[in-house]
Amino acid sequence: MTIRLDRAGMRIRRNWLVRDVSMVVRPNRITALVGPNGSGKSTVLRLLAGLWQPSEGRVLVDGSDMASLGRRDLARQVAFVPQNPRIDVPFTVRHVVSMGRHPHLGRFESAGPRDLEVVESALARVDVLHLAERRVNELSGGEFQRVVVARSLATEADVILLDEPTSNLDLDHSLETLELLRRLAEDGKAVAAALHDLNAVARWADHATLMHRGRLRAHGPVGQVLADEQLVPVFDVDIERLQTSHGVPDLVFHRRIHRSGESSRAERGRDADENRLPG
Amino acid sequence: MSRALDSLAAFARSRAAPLYFLSAAAALAVAAVAGVALGSTEIGWESVLRTVFSKFLPEGWIDLGGVTEAERVIIWQIRMPRVIVGGLAGCGLAVAGTQVQAVFRNPLAEPSVIGSSQGAALGAVTAFVTELATRSALWLPLFAFSGALIALFTVYAVASRAGRTPVATLLLAGIALGSLISAATSMLISLNFVNWQVASEIVFWMMGGLDGRTWTHVWISAPLVAIGASVAFWYVRDLDLMLLGEEASASLGVEVEQVKRSVLATAALLTGTAVAVSGVIGFVGLVVPHVIRILLGPAHRALLPASILSGAAFLIGCDILARTVYAPTELRLGVVTALFGAPLFLYLLRRKRMEVAVL
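Chains as they are written, first to last, in the numbering used here: chain X, 9 to 287; chain W, 206 to 564.
In case anyone wonders, no lab produced these hints; they're calculated from the structure.
A couple of the hints might just be wrong.
As the list claims (entries may be wrong) - Derived contacts from chain X toward chain W, CB cut-off under 8 Å, selection only: (1) Gly71; (2) Phe99; (3) Leu137.
What the hints assert, rightly or not - Chain W regions said to be covered by chain X (calculated; three or more residues, Cβ under 8 Å): (4) 337 to 345; (5) 458 to 469; (6) 502 to 508.
To be verified - FRET-style restraints, in silico, Cβ to Cβ: (7) Val235/W <-> Gln61/X: 34 to 44 Å; (8) Ala389/W <-> Leu179/X: 58 to 68 Å; (9) Ser365/W <-> Glu128/X: 34 to 44 Å; (10) Ala389/W <-> Asp96/X: 29 to 39 Å.
Each residue gets a CB set at the ideal place from its N, CA and C atoms; glycine is no exception.
So here's chain W without its partners, still in its complex pose (with noise of 0.2 Å):
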């Protein structure tokens, strides 16, 4: 009976990824096209999708009659950068999350424990009060990425000695410098709230956001994830099998340090790359892979695609809340992540007790 049982639930996970991937890829395509389509000025998604169409096949196959000028511009201009960036951060997010979860061997683990979106944030409100945001689209980025790193490599300074680095120790020095580094941010803002233009500027940007995003933003962007995305690849079992611990991963053969270094360098240069386009977002880098793994399992195979499709379309779908519920006004995406991400995740947590307990 039990064996019976056993190879039910075996075949009901091995036909879970295939179902799995179907619908969030689905999801994903239909998030994207309602993304360009909704909003103050409501498009058709036939001539969204002629529009982003006719951009790719060559001029005359595609009829674009009936689509104005306005409108084409809207599409193509406006919400197309934002709704690609949107899809790029939240996949960046779910991916550095899932890789933070894998090496400290925690499902309560996010990007924000190694201290990188904190210094995401310090660099750039340190571009915002140096008013070198205004002047260049770059630099905020730049200085947002700079921060991630820079905070990531001071906790790993911290925590290390003599060539190996605890993760009980990463994760304190990581929560330690996380505060540091936000109590820094709140000076900067406090100091230049004088500045009424620059202070809300900033608090706007705090709060996470996509307005305004241009395709500068997404060929910033998109290579940063991209790399992000592969160097996760390239360790896919690596991370399967640092779940077991480091004593046991090590004596199968993972350079247990090198692999650690290089995944959390990983997760910064894609929380880094997030938060410079789209603000500080938070709850994606938890909730996106967690939910995941109640899904389809722990294994990384199907964890860290599952987590790209998702958290791309996961942070779409958040946008487009965040253009429409309150429309005219739009809300802050960093405040939809969370008022739509907690009770998912309150729900899933009550519904699936046991099963979240465990990574």
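Pulled out of the complex, with its shape left as it was, chain X reads as follows (with noise of 0.2 Å):
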């Protein structure tokens, strides 16, 4: 399944958060949404998961308006794992998993066999099969967080956006995340993620959205789309490349000096409070 962004913004109230917006999230790939903070990762996240209706332009799945899906259908088609997804709430880990079948059951069906093996299956996909019976409000953070992906999973959903998958974890479960977006992936899913770590970007995704202050900068193959000429105006920082093991040279980032002295950050300061596009 494909979601489509077709010249699409979203704006609050006279805010514009991001416009004009034209990408694709195709099967079998890793879709890296990346830039600044506050440049529209989150945003167009939100679009191509239904979450929020664009205020211009069109999201289209498979060809086909997404606003002419209903809510339960599109929760069958596209799942979404948010920032921050914790909650302190005394749920079991199989429980909240569970709930992922919600869009495929009745009213007041409940669980069939076949949804306890699906949610069985999620589970032991991420590996917390173990934990299932744990309460949800007692897991560390990189747990939960492996279990809400487990959640999303539990929904067979064609498509799956995470905003941050990594930014809880740990350097080993961050890793094992990246990995099991990789195998989602290949296994025929749809996955796109915002993500700041570029390294990792360069490394686990195949195509890049580079959004910089809420207009799309660069869209493609994640090589070219972390290019010096690309990454070097968005970051404002000087770019060095050292080969590595794995074959995806590493990037090391040195913030730029400017001439009168300032540093990046505040230049960028300045830059972010003209972040308003015309309305």
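Using the supplied hints, reconstruct the complex from the two chains, each of which is provided in its own coordinate frame.
Below, the structure written as structure tokens:
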């Protein structure tokens, strides 16, 4: 299943969060959304997930307008993993993951053998089967993140969208999550994730979408999007590329010192104030 | 080892629910019979059961010998409606509390945070000061009920923007409007204090009570509580999902705004009904769902039916205390629920400190 943004824009009152974004999320691929804080990555993800209706342009699911799909139909096809999904409710892990079956069940229908099977395999897939009877409010950040990914797998959606899925995780779990996304893409899912770590993007993603101040700066194969001429103006950094054993060079970033002597962060802060695009 | 502990905990939880339902149902039955038997004229529980069953079974099946005519009137005309209205009000408040706590994802929420209790009180006080309440038993419930719904609609309208209603804004709007309505209620009472008769009636009513309830009150409240509870059950799984947060539940197929509207309207309906037939009674909507959540966990499939049983049993029990503790003077029901509910709540808070911190 393919989701396409067609000149999509989103505004809250008169403030445009993103504008004129055209990009596509395809099966068998990890599409990474990259860009500085506030550049519109999360907004793009929410438009792709159908959580927000675009103020202009369209969101197309396999060529037809997403707005024509009901909430439950959409939930069966597109799964969304929010950025800080932590909840303090003492549900068991199994209960939270089984909520992924909600869009498949009738109002008073209880989970059947197939639903239970899907839930078990989702738990196994992200390696939380041993936590199944634990309460989610007692889990570590990394464990909980994996439970939420398991919930999204339990929906059996073809498209999985994740907002900063590695932000709460230590190195080991973060690599594990990225490997899992890789496997999901290889299984035919369309995966899109907002990611901050550009080295992870270079190594794990196939395509990337570079956002800057609410506009799409580049979209395409990861090698092209992560080229110096794209990244340098957006992040305002100098980039060094070091060879690694896995073949993808590591990016090392250096802050640029400007002639005026002000740090680049201060410059960027001023830019952020001008983030409002003309309505 | 931890796996063994996990499965032990799961086993205990799986047994907790049936055990709880049995005990709550038993408590409700005992409270109902005791509620009819106890009072200024004490009546044996056997006479109570015989009189009640004689109303449902064909004539001649039950021997009513030994039950005097006066006792039959006390049982059927005075105490039965009182107990049933108490049960319905308790059930309505507990279900409303459960729903509001789920929508706000906050264990401290109760029906008053959306302004509906205060709205119902203002409606009822208006019925008193206009003296409509004395003309027909229907005016007071109608006013209370309208007050609850108008308050909720106002809160909702203030908090909504572009089709979305953030719960934080809703909560603030509810608290602000609640204070405004309470001030208006106090103003109405103070302006009418010259009429001592009306004023004392209002003050008594504001403290909650089930004295003088009739079958009319039963017929008014029963269908509304039934409708409210049915809507709550309709959304039982959505309420669980709402606890994950709005974005997560929307991405799992929940029509968040629609569920929020229906559930809050139901909570206002139930609160309005309860206030209409029993006056202002605090603590039931807060304590009952909270205690059950500690015992049975947060899943609404168990929480809602348990709230119904326990809310009814709790309020009938409190009414028995109100009638008997300081007899022949009757304590006000709202006073008893707080006197009894608050220490219970504090005890649980202390004992299960870790778990009440979360929903």
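A quick look at each hint next to the structure:
With a least beta-carbon distance of about 22 Å to chain W, the hint placing Gly71/X at the interface is violated under the 8 Å criterion. Look at Phe99/X: its Cβ gets to within about 6 Å of chain W, closer than 8 Å, so that hint holds up. Annotation: Leu137/X was flagged as interfacial toward chain W, and the flag is violated, the nearest CB pair being 11 Å apart, outside 8 Å. For the region 337 to 345 of chain W, the stated coverage by chain X is not satisfied: 0 residues place a CB nearer than 8 Å to a CB of that chain, which falls below the threshold of 3.
With 3 residues having a beta carbon nearer than 8 Å to a beta carbon of chain X, the region 458 to 469 of chain W meets the requirement of three or more and the stated coverage holds. With a threshold of 8 Å between beta carbons, the proposed coverage of the region 502 to 508 of chain W by chain X holds, since 3 of its residues qualify and at least three are required. The hinted window of 34 to 44 Å between Val235/W and Gln61/X is violated, with their beta carbons roughly 54 Å apart. At roughly 60 Å, the beta-carbon separation of Ala389/W and Leu179/X lies within the given 58 to 68 Å, and the hint holds.
About 41 Å separates the C-beta atoms of Ser365/W and Glu128/X, a value consistent with the hinted range of 34 to 44 Å. A C-beta distance of roughly 37 Å is found between Ala389/W and Asp96/X, which places it inside the suggested range of 29 to 39 Å.
The structure fails hints 1, 3, 4 and 7 (numbered hints given earlier, in ascending order).
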